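Keeping their order, the protein sequence lines are chains A and B.
The opening residue of the first sequence carries number 1 in our numbering; numbering runs sequentially from there.
The opening residue of the second sequence carries number 500 in our numbering; numbering runs sequentially from there.
The set of hints was computed from the structure by calculation and includes no laboratory data.
Only a predicted model underlies this, so the values are computations on that prediction, with no experimental measurement involved.
One thing to keep in mind: the hints can contain errors.
[To be verified] Some chain A residues well away from chain B (every beta-carbon gap over 12 Å; in silico):
id : residue
1  : 4
2  : 79
3  : 133
4  : 264
5  : 266
6  : 439
7  : 444
8  : 457
[As the list claims (entries may be wrong)] With the C-beta cut set under 7 Å, the calculated list includes, among others, these residues of chain A facing chain B:
id : residue
9  : 126
10 : 137
11 : 144
12 : 146
13 : 154
14 : 168
15 : 481
Every residue, glycine too, gets a C-beta built ideally from N, C-alpha and C.
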Amino acid sequence: MDWTPIIPAAELTIGILAVIVVDLVGRGRHPWLTTGVALLALAGAAASAVLQPTLEVTDGAQTVLGVLQLDQFSVVFTVFCCVTGFVTILATVRGEAFKTPGGEFLVLILSAVLGMNLLAMSVDLVALYLAFELVSIPGYVLVAMRRADARSNEAGVKYVLFGAVSSAILLYGLSLLVGFAGGTSLAALGEAVAGGAVTTQPLWIVACVMVFAGFAFKVSAVPFHFWAPDVYAGAPASVAGFLAVASKAAGFIALIRVVGAVVGPAVPVAPDALTAFLPEGGALITIIGIAAILTMTVGNLAALRQTEIKRLLAWSSIAHAGYLLLLLTVWSEQAVAALLFYLIAYLFMNLAAFLLAGIVIRERGSGELSALRGFGRRNVGLSLAFAIVLFSLTGLPPFFGFAAKLQLFYVVFERGYVWLGVIGLVNGVISLYYYARVLSSLYFQDGESDAPVMRLSTFDAVFCTLLVVPILGLGLFWSGAWHWAQAVAEDLPLVMGVR
Amino acid sequence: MLLAAVGLNHYLLVGAALFCAGLVAVMSRRNAVAILIGIELMLNAANINLVAFDHFRAQIDGQPVIDGQLFVLFVLVIAAAEAAVALALILNVFDTRDRIDVDELDTLKG
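Looking at chain A on its own, in the form it has when it is part of the complex:
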């Protein structure tokens, strides 16, 4: 038995225990020490995930107990969630919510990252469900951590109730899948579906709807998106950013694994580009396609009338989930590559957006758009960073968001689903309007004329720069990142756990 695949998970677990012990022994008096331990654990896990040999074993991938599989895909997502956790902790150190993050905050972030690491490796429905819950449950607590804040409490209760219901629905769907597959592994599920007798049964559609409902909650897809604006508005900005990026990524990891097992290598190319609307890839693909269209449209339209920055970002993150679901609808190797590419762009853009929003809220004590007025004059650097992030979220060149959207729509059109692409593009145009509204508050509306120039601390300035530079850099030189994403997606047969 080769245990190397779970080294990152072991490091994270040791990190969790170490944080608890250091916090207990130091009686919470050394917040910098516990933060350092947590950051070290995340960095260590990411480093050892990268250094793991993935190609040495002849059959392509390594599994632990047939349940956790190490492949390119899981390595990418392990690094992805470690980076997210790392940035979130750094953002919270100086965020609007806490003076310094307590030990319990660090433990919860590390647990969620551990869950995502395991989720990325799961090729078995039991492990998938357990890892999924390990991502969810710390999230519930993170949202409600500001105990004295009524908004935070309310958001926490809403999140935990919606979350528990959706996970129960997911579990019921999974139990039906276990019945169809005759086993809990994704490989067995893939074989059962390939056998053909399964997908014609009415209960199969029920199972698909329920499984998708569970994942849709995590990626905040319509009609399971209601929690997102409330939760993001009630949670500290850094936690909202973590949930928007990490929990969404977790949902997509799980969806990629399950869709890979159910659909197989690719959905067929549209026979006639002008009449084909949704791909014929079975019930699951149809459901995802409908959800993708609804999610984009509802997310963008609802964002139009938001007046608070965190709520606006919440609806925008719902819309982005719609674009990503579009890629699952046209499931193919290229689509997975584009999905990875988009998720990475989304990681930088959204974390930066929530972090900058957090700094503004800390400064002004309010997240209303009216509070942003005149910021362009008060702090040039911060406003410029915000402008770059918003342009990137819209998908304007020369930022990373443009490269990601370009690849996304290229794949959709290339597969021949013109209508899906057109709906997506129209949504992109709508989104320009509300992102531009934030910009107009920053630059074109005058605030109090005597407002003093705001100074950022060195820490904040460096941190903002570090988040914005990749958006700009990868926006200009994205071909390397794109080729790398394609190389990872070529591992697709391994993703599906079917060899």
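For chain A, the structure is supplied; the task is to place chain B on it using the hints.
Relative to the frame of chain A, chain B by itself:
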């Protein structure tokens, strides 16, 4: 011989009924704790399915199958953890409001 007539579909029907009961409770109840009880029903509906599938697969295979039963054990633990977290958060709200009706949680408008 009556017992032999009970097949997989009967178990699935019980599971489905339990799931629907749980879902109705979740949708219609206003008390947060009652919603949690509904969620437990839904989880146990899935558990019935899993155990039933195992039982009948074992009959076909002619050897004991424990995949689904293991799944159920994990689900029980998860359900306990989830309930603990949910109750803690509900208690937190109860401290400030003295009520836990979800209808009254409307400061944040989705």
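Against the structure, the hints come out as follows:
Residue 4/A, annotated as away from the interface, keeps every beta carbon of chain B farther than 12 Å; the closest lies near 24 Å. In this structure residue 79/A is separated from chain B by more than 12 Å, as the shortest Cβ-Cβ distance comes to about 27 Å. With a least CB separation of 5 Å from chain B, residue 133/A falls inside the 12 Å interface cut-off, contrary to its annotation. Listed as a non-interface residue, residue 264/A keeps its Cβ farther than 12 Å from every Cβ of chain B; the least gap is roughly 23 Å.
Chain B leaves residue 266/A outside its interface by the beta-carbon criterion, the shortest separation being 29 Å against a cut-off of 12 Å. With 12 Å as the threshold on Cβ separation, the claim that residue 439/A sits away from chain B holds: the shortest Cβ distance comes to roughly 25 Å. In this structure residue 444/A is separated from chain B by more than 12 Å, as the shortest Cβ-Cβ distance comes to about 28 Å. In this structure residue 457/A is separated from chain B by more than 12 Å, as the shortest Cβ-Cβ distance comes to about 30 Å.
Residue-level restraint check for residue 126/A holds (minimum Cβ-Cβ distance to chain B is 5 Å; threshold 7 Å). For the restraint placing residue 137/A at the interface with chain B, the shortest Cβ-Cβ distance is roughly 6 Å, inside the 7 Å limit, so the hint holds. With 7 Å as the threshold, the beta carbon of residue 144/A comes within range of chain B, its nearest partner Cβ sitting at about 5 Å, so the hint holds. Evaluation of the residue 146/A hint against chain B yields a violated restraint, the C-beta minimum of about 10 Å exceeding 7 Å.
Taking 7 Å as the C-beta contact cut-off toward chain B, the hint placing residue 154/A at the interface holds, the least distance being around 5 Å. About 4 Å separates the beta-carbon of residue 168/A from the nearest beta-carbon of chain B, less than 7 Å, and the hint is met. Restraint check, residue 481/A versus chain B: the minimum CB separation of about 35 Å is more than 7 Å; hint violated.
Of the hints listed earlier, those the structure fails to meet are numbers 3, 12, 15, in rising order.
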